[in-house]
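**Q** Which chain is which? The protein sequence lines are F and W, in order.
With the working numbering applied, the first sequence has no gaps in its numbers, which climb one by one up to 642 at the end.
With the working numbering applied, the second sequence has no gaps in its numbers, which climb one by one up to 171 at the end.
Hints listed in this document are in silico derivations from the structure and should not be mistaken for laboratory results.
Note that this is a predicted model, so its numbers are computed, not measured.
Glycine residues also receive a C-beta, built at the ideal position from the N, C-alpha and C atoms.
Check each hint, because a few of them may be wrong.
[What the hints assert, rightly or not] A short, non-exhaustive set of chain W residues, derived as facing chain F with CB atoms under 7 Å: (1) Ala43; (2) Arg71; (3) Ala111; (4) Arg124; (5) Asp128; (6) Asn133; (7) Tyr140; (8) Val144; (9) Glu165.
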Amino acid sequence: MSGRGGPLGIRPSALHIAARRERLGPIGAHWYNAVVSRQECDLDAACGSDAFLEQLNALFAGAVRPGDEEKYLQDVLDLAMDAAGGDRAFLALVEQRTGELVVVTTAGLGWTPETTRLRLSLAQESGRGITGHVALTAQPYRTGDVIHDAHYVMYFRDVRSEVAVPICGTSGQSIGVINIESAITDRFTPLHVERLVAVAHAAASALRVRGFRARETALIEIGNNLTTTLDIEALMGKVLGVAAEMLRFEDCTVFLLDEASGRLVLSASRGILADRLGETPYRVGEGITGWVAEAGQPVRLERPQLDPRWRGLCVEFPQDEIGALLAVPIVGRSRILGVMRVVRRRSATALFSNAFSEGEERILTSIGRQVGAAVENVRSYERLVRAERMAAWGELSARAAHMIGNRTFAIKGDLNELTYLLDERPCEEIRAEIKDLAASMNHGVARLEEILREFRDFVVATQLTLGTCSVNDVIQEAIGETFPKRTRIKLRTDLTSGLPSLRCDARKLKRAFAELVENAVSFQPEGGMLAIRSLALSRDELLKYGLSQGREYILVEFRDCGPGVDDGEKERIFLPFHTTRAKGMGLGLSIVKGIVEAHQGFVREIGESGEGARFVVFLPVPEAGASE
Amino acid sequence: MTSILVVDDEEEVCAALKRRLQREGYEVTTAGNAAEAIGAIAARPHGFDVVVTDMSMESPDSGLQVLSHAISRDLFTEVIVLTAYGNVSNAVESMRRGAFDYLEKNVPGVDTYEVLVMKVEQAMERRRAAVRTVRRLEKQAAHR
Numbered sequence: 015m016s017g018r019g020g021p022l023g024i025r026p027s028a029l030h031i032a033a034r035r036e037r038l039g040p041i042g043a044h045w046y047n048a049v050v051s052r053q054e055c056d057l058d059a060a061c062g063s064d065a066f067l068e069q070l071n072a073l074f075a076g077a078v079r080p081g082d083e084e085k086y087l088q089d090v091l092d093l094a095m096d097a098a099g100g101d102r103a104f105l106a107l108v109e110q111r112t113g114e115l116v117v118v119t120t121a122g123l124g125w126t127p128e129t130t131r132l133r134l135s136l137a138q139e140s141g142r143g144i145t146g147h148v149a150l151t152a153q154p155y156r157t158g159d160v161i162h163d164a165h166y167v168m169y170f171r172d173v174r175s176e177v178a179v180p181i182c183g184t185s186g187q188s189i190g191v192i193n194i195e196s197a198i199t200d201r202f203t204p205l206h207v208e209r210l211v212a213v214a215h216a217a218a219s220a221l222r223v224r225g226f227r228a229r230e231t232a233l234i235e236i237g238n239n240l241t242t243t244l245d246i247e248a249l250m251g252k253v254l255g256v257a258a259e260m261l262r263f264e265d266c267t268v269f270l271l272d273e274a275s276g277r278l279v280l281s282a283s284r285g286i287l288a289d290r291l292g293e294t295p296y297r298v299g300e301g302i303t304g305w306v307a308e309a310g311q312p313v314r315l316e317r318p319q320l321d322p323r324w325r326g327l328c329v330e331f332p333q334d335e336i337g338a339l340l341a342v343p344i345v346g347r348s349r350i351l352g353v354m355r356v357v358r359r360r361s362a363t364a365l366f367s368n369a370f371s372e373g374e375e376r377i378l379t380s381i382g383r384q385v386g387a388a389v390e391n392v393r394s395y396e397r398l399v400r401a402e403r404m405a406a407w408g409e410l411s412a413r414a415a416h417m418i419g420n421r422t423f424a425i426k427g428d429l430n431e432l433t434y435l436l437d438e439r440p441c442e443e444i445r446a447e448i449k450d451l452a453a454s455m456n457h458g459v460a461r462l463e464e465i466l467r468e469f470r471d472f473v474v475a476t477q478l479t480l481g482t483c484s485v486n487d488v489i490q491e492a493i494g495e496t497f498p499k500r501t502r503i504k505l506r507t508d509l510t511s512g513l514p515s516l517r518c519d520a521r522k523l524k525r526a527f528a529e530l531v532e533n534a535v536s537f538q539p540e541g542g543m544l545a546i547r548s549l550a551l552s553r554d555e556l557l558k559y560g561l562s563q564g565r566e567y568i569l570v571e572f573r574d575c576g577p578g579v580d581d582g583e584k585e586r587i588f589l590p591f592h593t594t595r596a597k598g599m600g601l602g603l604s605i606v607k608g609i610v611e612a613h614q615g616f617v618r619e620i621g622e623s624g625e626g627a628r629f630v631v632f633l634p635v636p637e638a639g640a641s642e
Numbered sequence: 028m029t030s031i032l033v034v035d036d037e038e039e040v041c042a043a044l045k046r047r048l049q050r051e052g053y054e055v056t057t058a059g060n061a062a063e064a065i066g067a068i069a070a071r072p073h074g075f076d077v078v079v080t081d082m083s084m085e086s087p088d089s090g091l092q093v094l095s096h097a098i099s100r101d102l103f104t105e106v107i108v109l110t111a112y113g114n115v116s117n118a119v120e121s122m123r124r125g126a127f128d129y130l131e132k133n134v135p136g137v138d139t140y141e142v143l144v145m146k147v148e149q150a151m152e153r154r155r156a157a158v159r160t161v162r163r164l165e166k167q168a169a170h171r
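Same shape as in the complex, but just chain W:
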């Protein structure tokens, strides 16, 4: 089952995201801050498939810390960064460091939860493709 880690310092946000993603059949773990998230990533043997993290928690760039730990645990973990108050420079930085995408929590007229579900699906597709490619390359290497 696809495993997702949701990180947000707002308990209600964590709960709402968890509920929505569980509805899609994902296995969801939550963390209330970057430190907790880093601990959860380290504790999980193969890392998470997808990490959805808020950007600004203990510090304005907490999301970047979660991102770097997630990727160093498993290169193919896809990270989606959420921002409540559009901080473009941090969002750009997260993309530069390998995030799958970033999402603004509050966009008028947009159901961000639905957009997030879509992004998670896309991220999973990319992850699967990446894993397939690596397997194929590994197989080719084994044949030689």
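In isolation and in its complexed conformation, chain F is listed as follows:
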């Protein structure tokens, strides 16, 4: 795209002329205009139609390429200047929300910081100027004598001729205006207008393509986001964000249907209704929103207050300020799950409609369907989680009942025997037997307590009370409390000093390490070895274990000479109730996993089957500056 000094080679001359005129001031310029008008016409002739077509082609090609919108509109205006040969030009876009024309890019001389940020209100009849007139009529306008023109409003004193063409949207309404001025009377011809209309078409295409692209991106984003969000509240936040990206509205509100009560629950809103979430303003069938929920059809209205279904029970802003309403059902597989509603304020000018378009209705309908699928997704996930939790609790209770039942049965047997002995035989004779029974009952009670502890630890494994601690201290404490004083197992520790501190629940972490120590001990009843080491993982080791290199990890390893873990069992051993030991409920390693994962770390068994178990625990080092 050529800017000034592009391939046509005319801009330096035009610039030169304009610069000369500027130096002469308004009166001098007027005189100068008369002198140079002949020259400019010659320059115009030099701007051959072939060269213009070539540039226009390039402009249309650029319209569909992704890129910087501001830069593109500047190119548009530069070509417009080339094509019409004015002194000064600007491109303004309609801001629907305020009903104003906003200058977005300028060309030529004489612009000041104030004039480059010009906003023209389309609402007021006076002061709209030729640009405003073109925006409202969506028709090109040309005048050779601004002084006698009814629409003209002066912003620059040297202007004599002006031409403006609309940039039109899909339904023919103006979305912007290209305006060119000249200090020469009767400067612009119908040919200039034709060329400018062509340039404006290119601009319109670019703006539409950009709109479609934004919609496409937003729809993809909504699809991605919605299917991965598993929390209704977060989901609604995203829905509002995406809807705002795609549709221009003053407010958007989501109602979800509560089937039990048949009422619509206010579930999300961007505006003042956000303070009333959880309220149930509409019954199904009540008001326009209730009608949408009942009929499953979208409603698109201008002045919704005039609709017989209107109740005004729950509105985003004062009733008479609402100019347009669009409401669509949120549809699930087989039923309506809620309603999404967007509203706009009344347009600042009667000439300028603020209604929602059919295209916008289609977009919101599509969002409504996606939201429906996402809501169902979240709900079925919640149901699944509940069912799984119930199943886990069911299994946990069954196991616990079984284990506790067996221990209790054994203790009951001891008591039965004790009663018999006391009834049948003199005390002094049965002293030794009573001692045995007491020992057996003690043992039974200890086993019961073990089950209770395992049960409790399993339930609270993921509830952490975080503090700062040294991993080596935790390891030492776990060994001190768990490793038997008299054993034929040789203990070897290799704890690296100076390891970074961890953000952790020291008690829980100790419990996890203790479980791994106990595990190694119980699998080597005839004696053996337990080697424990701690170290900070190097970059290479992070790679080896498939960890992200963005984070530091401390590795704690427990290695023994027991039977080890078969390849097929390496993952299953961490499942609850998986046990090969008679002791406990088989929750031990699942507790370890729960605790380690709650610390955002993980645990694996990486030993060779038959050569002893090798448990590795990876714990993330808190990032520098992380809060205490």
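On the provided structure of chain F, position chain W as indicated by the hints.
**A** Coordinates of chain W only, in the frame set by chain F:
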């Protein structure tokens, strides 16, 4: 002397049952799981008079395996199945397959050991009656 095999994966349970049944004058052997029990049944020339087995050991239906081995060794062996956590479907299945009875280990207010002793006596009576009937039938057959 009446011979009883007690099968339970809880050492303490085995010990308590053994003690209680020995007090009644029975000869008690114990096994810690179904495999061990099946081995003990196979090793004994005429099988056991009564087998008292836990249902859920290595697998949830270990008791059923013990039951089928005991009965195939000696048709008149009476099997009493114990369950710690009431699994009715397994209990019904064990009755269907010829168990004498089943007992829940934990019934509030019930001394299951005493109930078990009673059940073992009843089982022995049934076994004796069955054996008597068979002998009589054998005798009648011999006379013909």
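**Q** Take the hints in turn and mark each one as holding or not.
**A** Tested hints:
1. Ala43: Because about 3 Å separates Ala43(W) from the closest Cβ in chain F, which is inside the 7 Å limit, the hint holds.
2. Arg71: violated, 25 Å
3. Ala111: holds, 4 Å
4. Arg124: violated, 22 Å
5. Asp128: Check failed: Cβ of Asp128(W) comes no nearer than 17 Å to chain F, outside 7 Å.
6. Asn133: With a closest approach of 4 Å, the Asn133(W) hint holds.
7. Tyr140: Tyr140(W) check passes; min Cβ-Cβ to chain F is 5 Å, inside 7 Å.
8. Val144: violated, 10 Å
9. Glu165: Hint violated; Glu165(W) Cβ to chain F Cβ min 40 Å, cut 7 Å.
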